[in-house]
Structure formats: structure tokens, C-alpha cells
Amino acid sequence: MGEILLYPILLPLLGGIIILLLPKKVKSLWGIVASLFTFLSFLFSGLLSLFPTLLLSFPQIQWPKVGWEFLLTSEPFRNFILLGTFFFGFLISLYSIRKMARNQRLREYYVYFLWTIAFSGLAILSDNFLLFLFAWGVVAVFLYLLISLGKPGAERAANKALVMVGGSDILMLLGVVIIYQITGTLRMSEIRIPLAGGLPIVAFLLILVGALTKAGAMPFHTWIPDSAEFAPVPVMALLPASLDKLLGIYLLARLSLNLFPVVPNSPISILLMAIGSLTIIAGAAMALVQRDLLRLLSYSTVSQVGYMVLGIGTGIPVGIIGGLFHMVNNAIYKTCLFLGAGAVEERTDETKLDKLGGLSKEMPLTFFAMLISALAISGVPPLNGFFSKYLIYQGVIELSQPKYGSNWLFVIFLVIALFGSVLTLASFLKVLHSVFLGAKLKVLRPVREVGVSMVIPMLLLAFLCIIFGVFVSLPLRHFILPILGLTEISAIHPTGFWTAGPTILIILGLIIGFILYYLLRPGKKARVSEVFVGGELISPTPEAFVTLPDGGQTKTSVIDVNEGSLPGTYFYDSVKSLKSINEIYRIAENKFFDIYDQLRSIFSLFVKGLVRLHSGLLTTYIGWLLLGGAIILWVFITLLLGLFH
Amino acid sequence: MGISQILPVFVALPLLSSFLIYLLGSLFKKDKISDLLGNLASGFLLLFAIFALIEVSQKGRALYFVGGWRPPFGILLVLDGLSGFMLFVITLIAFMATIFSINYMARFTAKHKFYALLFLLIAGMIGITLTGDLFNMFVFIEIAAISSYALVAFGIEDEGLEAAFKYMVMGEIGSLTILLSIALLYSATGTLNMADISQTIAANGTRPVVLFCSILFLIGFGIKAAIVPFHAWLADAHPSAPAPISALLSGVVIKVLGIYALVRVFYNILGMHPVVVNILLFLSGFSMLVGVLLQLGQNDIKRLFAYCSVSHIGYILLGFSLGTPLGIIGALFHLLNHAVFKSLLFLDSGAIEYATGTRRMENLGGIARKMPITTVSGFIGSFAASGVPPFNGFWSKLILILAAVEAHQYPLAGVAGLTAILALTSFIRMQRRVFLGNLPESLNGIREVPMGMKVPLLALALLSILFSFLILPGFREFFLDLAKDAVLIGRNYSQTILGGGL
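Protein chains in written order, with this note's numbering: chain C, 3 to 647; chain G, -9 to 492.
If you are wondering where the hints come from, they were derived from the structure by calculation, not from laboratory data.
There could be a bad hint or two in this list.
[As the list claims (entries may be wrong)] For lysine to aspartate or glutamate, the following DMTMM-like pairs were computed, each having C-alpha atoms within a straight-line distance of at most 25 Å:
no.: 1; chain 1: G; residue 1: Lys360; chain 2: C; residue 2: Glu5
no.: 2; chain 1: C; residue 1: Lys67; chain 2: G; residue 2: Asp290
no.: 3; chain 1: C; residue 1: Lys610; chain 2: G; residue 2: Glu467
no.: 4; chain 1: C; residue 1: Lys357; chain 2: C; residue 2: Glu231
no.: 5; chain 1: G; residue 1: Lys444; chain 2: C; residue 2: Glu231
no.: 6; chain 1: C; residue 1: Lys67; chain 2: G; residue 2: Glu149
no.: 7; chain 1: C; residue 1: Lys610; chain 2: G; residue 2: Glu149
no.: 8; chain 1: C; residue 1: Lys610; chain 2: G; residue 2: Glu152
no.: 9; chain 1: C; residue 1: Lys67; chain 2: G; residue 2: Glu343
no.: 10; chain 1: C; residue 1: Lys67; chain 2: G; residue 2: Glu152
[Claimed, not checked] Going by beta-carbon spacing under 7 Å, a handful of chain C positions derived as facing chain G:
no.: 11; residue: Leu176
no.: 12; residue: Ile193
no.: 13; residue: Leu197
no.: 14; residue: Gly199
[What the hints assert, rightly or not] Which stretches of chain C does chain G cover? Using the computed rule of at least three CB atoms under 8 Å from a CB of chain G, they are:
no.: 15; region: 62 to 71
no.: 16; region: 81 to 87
no.: 17; region: 257 to 269
no.: 18; region: 618 to 630
Beta carbons: idealized from backbone N, C-alpha and C, even for Gly.
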């Protein structure tokens, strides 16, 4: 019976092999094969939910001394994540049929795609931590390969992604090894270590880094925006948007719920909440000022992870449920947003917000899907985002209650989260305006809606946003609550969804967001003037100065001005121009907060120093040799004498 | 007829091949003869080594008394788990190198001299692993070392000559240190037979002269193994040699002349004194880190691989210094894996150099389109070297880190992890600059390398994946446990040889 556990893993593997063998002439078949296999795997993973306690192990290939065994298990949490993985895999492979059709390395794409999903499945179902690490590492390699299939220049982004994710994997490996040292077992279902003492905390932090880097929380997120610009859009939809979140937050949840149970209000809990809040606000702030649609979406993805970390970090059931629910919801609407962006790119060949506009009439279905997703991500009721944010806020609020130690730190987190929501709404209003509303730029040729195979995934996801919102008890009761072993919402929240606190916060956030948008939007209040430099009128130039409502000036291209519309990106330049905030943006753009670049500079110093020492002169080398030998001899003698005393 | 009687063939065959190839090559002046003889010989040696390993696993160690003289007077050839393991590694990489040489060395003149020197090198290395006599080991070390100096200079261009000179001077300093140590040990114990020395020392207690010899051996073998701070010659020598020789040098020579000899002497003869262990542990961490930092700063791909070898020798040394069963298994496994992926990388760089004429990363880029096989094997090699799953390097690094943590050497485990991250960075960057990206104008006409070069690349790439399966019980016992036990048997080694108590 346990063999069923292998099918969801072997099926995509097999699919990949088939695609390797299918000749180029039938390349249109590749996408169909991929979709077929992911769909079948989806069905199988659904089947697994009927058998919540299966186990599969191959004792012949275990190595007890090292803690290694091949052990797969099925249980509610894993089955659910697996289901999600294949669900998104199927939708995106369907979408890829049309979207990736013109890619030069299409065969590689589908093979890597299917094998990524296969190994993700292996990681999810694995109960042995080493097997998990192994599969997780392989997924990272495929991420690298998939990103490199994108636009020219994608190699750099792929490079950064693998170094960051792979590096965090190695740190995670150290954490796992320490766990083995502490408990003597690597069965994830059996490990339970209290977070006390140096070694357990170190192990926890090491694995935390792995989970956070994969999910894309700060400060380990910088690989995502860089990839967003270059990687193919379906790759972005698959990995950073859905799969990596599912995997990363799955690990985080396992880590904080089972492996090292996190106690509410403990230092670790506060650390997690702090990371979460910081990520929320920083991600949203960076998203706000982006000029590229995909980059904006990727920063927004980073921001949303913050909510999940915040929720799980509370350590309280209602917060954890909120975090996990948010993981699901985010996967749904974020994937939809990326797919929508891909649709726009497909028809217009453009992702820069400055150059888009007015597509709502020509791409109504895409517009609808993105509208729903944007509203969902901003937390507008009754869509799904509202409810998961509600639960998270409720969790943070409950931390103030006496039974948890009456910690008032929660106010800070709440305010930060609220402000993050504000910025999120503002960013997405910007997106909607720049891409779909407003007047159409003349440079864009007439476009039509994208094909059925691309529209269906988007609409399906948008539909889910609505369903998971309006009928919120459904997903909660069937998918999320069982993770904590609960069955009724009342178990986590006595009064259901209509307590005042979080609702007020969310509505407040929406209102402020709208106000921000209204105040800062251009259009009627812009005054156009000709360029006047050094006493002469210079025209016609490609640029004209435009006065923004707050008095600041900015250049814009003449085409825009003639058309009477301003690209959406100029909205928030006024935000940027505020002195203090401007400074932060400036150093952020100079990669000050980019951990990858900072570490690189530090190590360069050491490297350059060492390289200079190796001058190539034989006498220098012999000198080092003799010096080394002498030191060793000296150390040896002193240690020996020490022993003899 | 057991394998005992035919042990000398292991040494005699490469020696014979060397002279035969030189003779026939000079007489007939046709490269094909050297190619044929060379590959036949190395292929046969590989099969023979596998056979030897099977024999050891079934019947235990084998002995051969050269000239019929019994120990401790005559020279003894010993085949135990560790020797069998090393023989397998040596002959495997040698075989890959000879196949590769068919096409690669076609551009050099005097191919028969190349094969002659190559087989002298192989004979030397095999001699080191099989011998049970300390001075005999020194003789074989010199045979191997001097042939390698000549092979590094084979191209007779500035770079090769200079590198060979530096290598020779530093290598001879190492050899002389070893010789001094052997001489001192001989005067202290009155014998040159390894087992006998071991028993004599055990009987008389550890006198200061023995400890001094330990240090001399550490320095001497340290130079041969390129442990930091004795490593500087490696970065010049390995890149300048022709690619198949670089593969052998980094893949096997530094391990046989350096690590194997070190392990044999310290574990089975002198004993691992706690102070020596601590020094070795420190040096291993130092090597890992310094090697990888230097690797990061390189623009010449072969030099990058050379410093990577320094770093990985650190890993192997870590395992042996820990002394725990897990540590030794990790070290042995890594020794094998590193031999496989490092020779893969060097052969790959040979292929790149053959096709493009350059080794500098700034002149390369985007060759993936034109040279798919070279690219795939290059990717596999660099992923394996970085310790990325599902390749063999992942498992051996994992085991080494586990062993370090198990032995409570947390700082060393941390260093190993940091080194792995830095190595990953370096290799990914190399991939990007060499294989991905845009093809420079000057390289528009390059083509994939011929079949003779593709075969070893693909074979080694395949092995990088297959050797991951060595963690499975059946294979593990056959390959690794045998060797591990031979090491851990420690000074009892002498009892298996001479029979007789302490």
C-alpha cells in the first residue's frame, strides 16, 4: 500500500524522461505531456488524502550510523502541501504550453520543470531529514537551471539564486547534523527538541536560514527580485511564487511546531515576528517604487512572506492557522498575478510599467483575474486575503492577553503590518492603473486577449480567491485546521470572524491606501510646460518637465505628455523624494541591504590579500614552507613539553 | 593460485609498458602503437585492481615476499583493504587519462615519451601503495615524483618549465625531509620493514626521536599532499601540465604520495600522537579555508581547479585526523569522489583548451551552445565539487561534517560548511563565465571535442552520479568499510604481517 507514496514522485520523473526522448518535430506535444503528467500526479496526491497514515520505507538502503534512511510518510500537512504543489504545477504547465512555445531551450524547460516538481514531492513526503535535504538541494539546482533559461543576462540572476539558496542549504545541513548529534535520530516525525541551550538554538537558526531563504524573507530575499527580471514568467510563477513558498513555509511550520516547538512570547517567537514585520514593510516599500511589473510583483511576494512568518511566529494556534492560510492564499493570488503579468508580456512584449496602459478593454479576462488577485492581496473582504490577514492580526493581538504574558510589543508589529498593507494596496492600485486603466499609449499596438490555455489557469485561480474567501470555512476546515489537529474554527477563535479588532485594522488599511492613491495620482493636476534652459526654449525635445501635485518636478517623455497621461510610476516618486525615505531607497538600491553583495565584498578583501601572497616566486614559496615547518615544529615541541609537565 | 603470487605484476606491468612503449615508439615512430599499448595496459591494470579488491574482500590481505626473502630482511608487498582501495582509484583515473590522451596529446610531439613517463608515474604510485618497506616506499615516491616533474614540463613552454622547476625544488625538499626521517627512524629501530618498525617502536615506547620523525614525516608528506602552508607549488604545477597529467596529479598523485603515505605511516607504523592529531586537525581546517579563498580569486580555470584541490585535501585530511570510523569512511569516500570529479574537471578544462586555445575566463563564455558534452560534464563536475546533490561530492562532504560534529569539533564543522558555500560560489561563477553567457567573436568556429575525449568525460560524469550509490550498504561494505578497517586496525597492522605479539 505504501507504494502509492512513490507515484506522485515517479510520475513527473517519468514525464521528464519521456520529454527527453520525444523528438523535436513533435515539440508541441511536450507541453501536453507535462500537463498530463502533472495532472495525474495531482490526482494521485488527492488520493493520498484518503490514506492519511501511510508509510513507505526501504530498510535495505539505510545507514543507521549516519541517520540516513529512505522513509516517506503521508499525513495531513504533507498531503496538503503536496496537493498544492501539483495543483500549481498543473496550472503552470498548462499555461506554459502557449507562453513558452517560443523559447529556444523548450525541451530543457519541461524536463527541469517536471523534475523540480518530482523532487519537491520527494522533499515534502520525506520523513528522513537527510532525504529531505537531498531533495531540497536538487530543487535548488533545478531552480538555477530554470532561471538561466530566461532573457539574456539571466545567468547572473541564476548565479545569485543558487549561491543564496545553495548556501542556505549548506547552513541547513549543518543544522541537521547538529540535530542528529542532539537526538540521535533524523526522523522528522520523531524529533522534538526544546529551544534551550546553545546547540539547539544554533541548529534552529541554521535551519531557519534555509527556510527563510527559500521562502524569500528578509534579509535573504534578494535573489527573487533579480530573478524576476530575467527568468521566464512561468518559472517565476512556479518557483518563487508558489513552490518555494509552499516548501519554505512548510519547513518553517515543521520547524516551529514540531522540531523545536516555539513558545509564544519567547525570544525566538519575538525574533520570528520581528523578521516577519520587517519583511512585510520593507518588501512593500520596495514594491511601491518599482518600475518593472515583474520586479514589483516579486518584491510584493517577499512582503507577503512576512505575514506568514509573523503568523507562525506568534506560536498561537489562531496566528499559525492564519500564517498557513496566508501561505495558501498567497500562492493562489500571487501565481495568478504572475500569470497575468506573463499574459501582458506575451501580448505587448513589455513589462515596464511606464510603457503599458489601458489594456482593460483589450484583455478583459486578464484584467479581471488580476483585479481580483490585487484586491485579494490587499486584504479586501470578502476575498481570501482578508481572512488570512484577519487571523494573523488576531494572533498578534492575543499575545497581549494575560495568559501569554501581556506583551505590548505586539503593537509595534501590528502597526508595521498595517502600514505594509497600506503600501501593498497602493502598489497594486498603481499596477492596475498603469497596466489596465488609463489611456492606452500610442506605441502599443492593438492587442487581444491571450489564448484559452493561458486564460483558464488565471481565471481558475481568481475564482479560488473568491471561493476561499466567501466560503472561508471550507479550506480552513478541510486543509488548514487538520494540520494542527483541530476540526472547528471555534477551537481557535470563539467568535468566528467578526471580532472588531482585526477587521477594523484591515478596513483602516484599505481606507488609508485609497487615500494615498487619491492624493498622489497625477492627471488633472499636472501642468505641462516646455523645457526652458539657460534662457532658451528648447523644443521639441524628447522630454518635457511636468509639475507634480506636490510641487516637485520630474521629466517625462513627450509621447506621454501629448497623450495626456502620465505613466503610473510617477505616482510615488514624490514618496521617494521625502528626504529621509529617499536616503533609505538610495542605499537599498546601492545594494546595501543585499546580504549577498555585502558578504561578497567582505570576502573579496581576504581573497585579494591571499592571491597577492602567491606571487609565483619560488623563494617566497620556500620561505612559507620553511616558516610553516618551523612553526609546526615549535608548536609540536611546546605542546609536547606541556604534556610532560 | 591466490593473488599473492601475482602481486608484483602490478608494479612490473606499468614498468614494462613504459619501456616497451618507449622502445617501440622510438623504433616505429607511429603514435598508434603507443596509444594502443598504453590503453591496453591501463585498462588491464584497472581490471586487475578490481580483481584485487574482490580478492581482499573475500580472503583478507595478501603478501608477497620479493626475491623470497622473508621480512624483516626482504622487501614485502602488502595488499590490504587500504591498498586495494587506492589501487582502484589510481588505475581508474589512469585509464581515463590514457583514453583522453589519445586525442589530446596528438598535438604534442614524442607521444611515446609521454606514455613512457606516464607509466613510470603509475608504476611509482602503485609501488607506494603496495610496498611494505619504508625505504622502498621512498624509492617509489621518487620514481613517481621525478616522472611527474618531467610530465609537468612536457610541453616545453615557458609556463610548464617554470612550474616544473618550482615543483621539483619544493617536491625534492619534501622528499629529502622524508628521507631524513626514514634515516633517523632506521637508526632508531634498526629495520626498514614497516611492520617491524611498528613493533619495535611499540616495544620500546615512544622515544623523542620517533616524535621528531613524526613531525618530519608530517612536513614531508604535507609538501607532497599540498597541505597549507606547503601547497604553493600546486597552483603553478597542475595548471601547466597537459590536461591528462593535471587530472592524474590532482586526482591521484597528491593523494598517494601525500595522504596515503601519511595515513600509512601514522596509523599503521608510528601511531597517532594526540599532539600530531591536533596539528593535523588545525592544518585541515586551514587548508580548507585558504584553498577555497584562493580559488575564489582565480581567472584561469585550471588554477581555480588546482586551488580547489588544496581545499579538498583539507577535507580528506580532516576525516583522517578525526580518527573516528565515520571520519575515515568520509575521508576515503571523499578521496575517491574527489579523484573522480577533479579529474573530470581537469579533463574538461583540457577539452576547453583543445577547442578554444585559452584557459582564461575573461576570454571564454557561452560555449554551451557549441560544446554540449563538455558543458554537461563541466556542470556535473563543478556541481559534484561544490557538494550539490545528487552528485557524489554531496554525500562525502555530508559524512565528513557529520563526523566532525560527532567528534565535537564544531568549529571545524563550521569551517567545512563555510568552505562549501564559498566553493559553490566560485564554481557557479565559473559556470556562468565559461559555459553560459555570450560567445566571444573569436570563438565562433569552435566545435565539440573528438570522441576519444568525450568518452572519459562522460564516463567520469556518470561515475559522479553512480558513486553516490556507494552509501548503500552493499557497495559501502565492499569499497569503503574494507579500507576503513585497514586504517583503523592501527598498529595491529604489524601483527597481520609478521604474526607475533607486541
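Against the structure, the hints:
Proximity of lysine 360 of chain G to glutamate 5 of chain C is assessed by CA-CA distance (about 43 Å); at most 25 Å being required, the pair is judged violated. With a C-alpha separation of about 41 Å, the suggested pairing of lysine 67 of chain C with aspartate 290 of chain G is violated against the 25 Å cut-off. Annotation: proposed proximity of lysine 610 of chain C to glutamate 467 of chain G is violated, straight-line Cα distance about 44 Å (limit 25 Å). Taking the CA atoms of lysine 357 of chain C and glutamate 231 of chain C, the gap is near 16 Å; set against the 25 Å cutoff, the hint holds.
Taken as a hint, the lysine 444 of chain G and glutamate 231 of chain C pair is broken in the structure, with Cα atoms around 36 Å apart against an allowance of 25 Å. For a cut-off of 25 Å, the pair hint linking lysine 67 of chain C to glutamate 149 of chain G is broken: about 48 Å separates their Cα positions. For the proposed pair lysine 610 of chain C and glutamate 149 of chain G, the alpha carbon gap of about 23 Å is at most 25 Å, so the pair holds. Under the criterion of a C-alpha separation no larger than 25 Å, the hint pairing lysine 610 of chain C with glutamate 152 of chain G is consistent with the structure, at around 24 Å.
With a C-alpha separation of about 44 Å, the suggested pairing of lysine 67 of chain C with glutamate 343 of chain G is violated against the 25 Å cut-off. Restraint check: the Cα-Cα separation between lysine 67 of chain C and glutamate 152 of chain G comes to about 48 Å, which exceeds 25 Å; the hinted pair is violated. Using the Cβ-Cβ criterion of 7 Å, the hint placing leucine 176 of chain C at the interface with chain G is satisfied: the shortest such distance is roughly 5 Å. The closest approach between the C-beta of isoleucine 193 of chain C and any C-beta of chain G is roughly 16 Å, which is over the 7 Å cut-off, so the hint fails.
With its C-beta approaching chain G no nearer than about 18 Å, leucine 197 of chain C sits outside the 7 Å limit, and its interface hint is violated. Look at glycine 199 of chain C: its Cβ only gets to about 14 Å from chain G, farther than 7 Å, so that hint breaks. Check result for the region 62 to 71 of chain C against chain G: holds, 8 residues qualifying (beta carbon to beta carbon below 8 Å, three or more required). Only when three residues or more bring their CB closer than 8 Å to a CB of chain G does the claim for the region 81 to 87 of chain C stand; here the count is 0, and the claim is violated.
For the region 257 to 269 of chain C, the assignment as covered by chain G is violated, since 0 residues bring a beta-carbon within under 8 Å of that chain's beta-carbons and 3 are needed. Coverage of the region 618 to 630 of chain C by chain G holds [criterion: at least 3 residues with CB-CB distance below 8 Å; count 9].
The structure does not agree with the numbered hints 1, 2, 3, 5, 6, 9, 10, 12, 13, 14, 16 and 17 stated previously, though it agrees with the rest.
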